[in-house]
Amino acid sequence: MDLTQIPLFKAMAKKLAWLGARQAVLAENVANANTPGFRASDLKPVDFGKLLNGGGNGILKLAATSPGHITTPASGVTTEAPKVSSSGPIQLEDQMMKVSDTATDFAFTTSLYQKQIALLKEALGH
Amino acid sequence: MDLHTSMQLAFAGMTAQGQRLKVIAQNLANTDSTAKTPGGEPYRRKIITFHAVLDKTLGADSVAVGRPVTVSGKLESKFDPGNPAADAEGYVQMPNVNPVVELMDMRDAQQSYQANLNVIDAAKSMISHTLDLLRG
Chain H
3 MDLTQIPLFK
13 AMAKKLAWLG
23 ARQAVLAENV
33 ANANTPGFRA
43 SDLKPVDFGK
53 LLNGGGNGIL
63 KLAATSPGHI
73 TTPASGVTTE
83 APKVSSSGPI
93 QLEDQMMKVS
103 DTATDFAFTT
113 SLYQKQIALL
123 KEALGH
Chain L
38 MDLHTSMQLA
48 FAGMTAQGQR
58 LKVIAQNLAN
68 TDSTAKTPGG
78 EPYRRKIITF
88 HAVLDKTLGA
98 DSVAVGRPVT
108 VSGKLESKFD
118 PGNPAADAEG
128 YVQMPNVNPV
138 VELMDMRDAQ
148 QSYQANLNVI
158 DAAKSMISHT
168 LDLLRG
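First to last, the protein sequences are chains H and L. So for the first sequence, this note's numbering puts the first residue at 3; every next one is plus one. So for the second sequence, this note's numbering puts the first residue at 38; every next one is plus one.
Hint data in this document are derived by calculation from the structure and do not stem from the laboratory. What you are looking at is a predicted structure, and each value in this text was computed from that prediction instead of being measured. Just to be clear, a hint being listed does not mean it is correct.
Claimed, not checked - Derived lysine-lysine pairs resembling PhoX-like cross-links, with alpha carbons at most 20 Å apart:
no.: 1; chain 1: L; residue 1: Lys161; chain 2: H; residue 2: Lys100
no.: 2; chain 1: H; residue 1: Lys12; chain 2: H; residue 2: Lys117
no.: 3; chain 1: H; residue 1: Lys46; chain 2: H; residue 2: Lys85
no.: 4; chain 1: L; residue 1: Lys83; chain 2: L; residue 2: Lys111
no.: 5; chain 1: H; residue 1: Lys85; chain 2: L; residue 2: Lys93
no.: 6; chain 1: H; residue 1: Lys46; chain 2: H; residue 2: Lys100
Stated by the list, open to error - Here's a subset of chain L near chain H, in silico, CB distances under 10 Å, partners left out:
no.: 7; residue: Ser43
no.: 8; residue: Gln54
no.: 9; residue: Val60
no.: 10; residue: Lys93
no.: 11; residue: Ala159
By construction, the Cβ of each residue, glycine as well, lies at the ideal position given by its N, Cα and C atoms.
Pulled out of the complex, with its shape left as it was, chain H reads as follows:
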């Protein structure tokens, strides 16, 4: 069984990857907090709910039995979030808030992942 074929797991894995990438961007900001002219950047937020509800690659596609069939359109949601720079100097408090937010979100997503695995195991009778 490939867990990544299940949309929920796929969304969670992408969310974890996104949070990791965001943490790296925030670390960059904090390390350069005293660098003159350095602008804080952040990742663009991704709507993971949209990803789960049929967007992105986690979607269940309609089976096409003929090449003439119309398939479901590809969604515009991607997890490759672009970096956006903010204007003005880096505010450490703001960055710290974001860092702890990211860490909490990560903990939340991993525990959600564990719960889903437990649920699957329950269904399998373990």
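Since the structure of chain H is provided, determine the placement of chain L on it from the hints.
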């Protein structure tokens, strides 16, 4: 892995702030360092400069510390005829170190250091949460 990148960047930040603290300590220690010869130059305040450098292995902007820069500017003179650095009128040039400014700078360095430490803490907790997934 991104979380390791975060840690590496935070380490770079901590090293930079550590170097800054070193220069601040140097300034504070030399608050009263005058010249050895009459009319000579006393100790001058030094500051550190930071700049962002692209770390190609990490693929992110790391922080680098430039050479300490000597701060020029007017020096204050103190009347102290007994000092070996005193000029003909008995005045000694004192370093341009202001302890209050240095303490402020020290506070700032401390704060930045702590912020980097918090980033490491957060990244560490994220890694341990990921490892916890193995336990199921």
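These are the hints, each one checked on the structure:
Annotation: proposed proximity of lysine 161/L to lysine 100/H holds, straight-line Cα distance about 16 Å (limit 20 Å). Taking the CA atoms of lysine 12/H and lysine 117/H, the gap is near 15 Å; set against the 20 Å cutoff, the hint holds. As the CA atoms of lysine 46/H and lysine 85/H are separated by approximately 6 Å, the hinted pair is consistent with the 20 Å bound. Taken as a hint, the lysine 83/L and lysine 111/L pair is honoured in the structure, with Cα atoms around 14 Å apart against an allowance of 20 Å.
At roughly 17 Å between alpha-carbon atoms, lysine 85/H and lysine 93/L fall within 20 Å of each other, so this suggested pair holds. Straight-line distance between C-alpha atoms of lysine 46/H and lysine 100/H comes to about 13 Å, which keeps the hinted pair within the 20 Å bound. For serine 43/L, the interface hint holds, since its Cβ comes within 10 Å of a Cβ in chain H; the closest pair sits about 4 Å apart. Interface hint status for glutamine 54/L: upheld, as the beta-carbon distance to the closest one in chain H is roughly 8 Å, under 10 Å.
With a least beta-carbon distance of about 13 Å to chain H, the hint placing valine 60/L at the interface is violated under the 10 Å criterion. Nearest Cβ of chain H to the Cβ of lysine 93/L: about 14 Å, over the 10 Å cut. The hint is violated. With a cut of 10 Å, the hint placing alanine 159/L at the interface with chain H holds, because the nearest CB-to-CB distance is about 4 Å.
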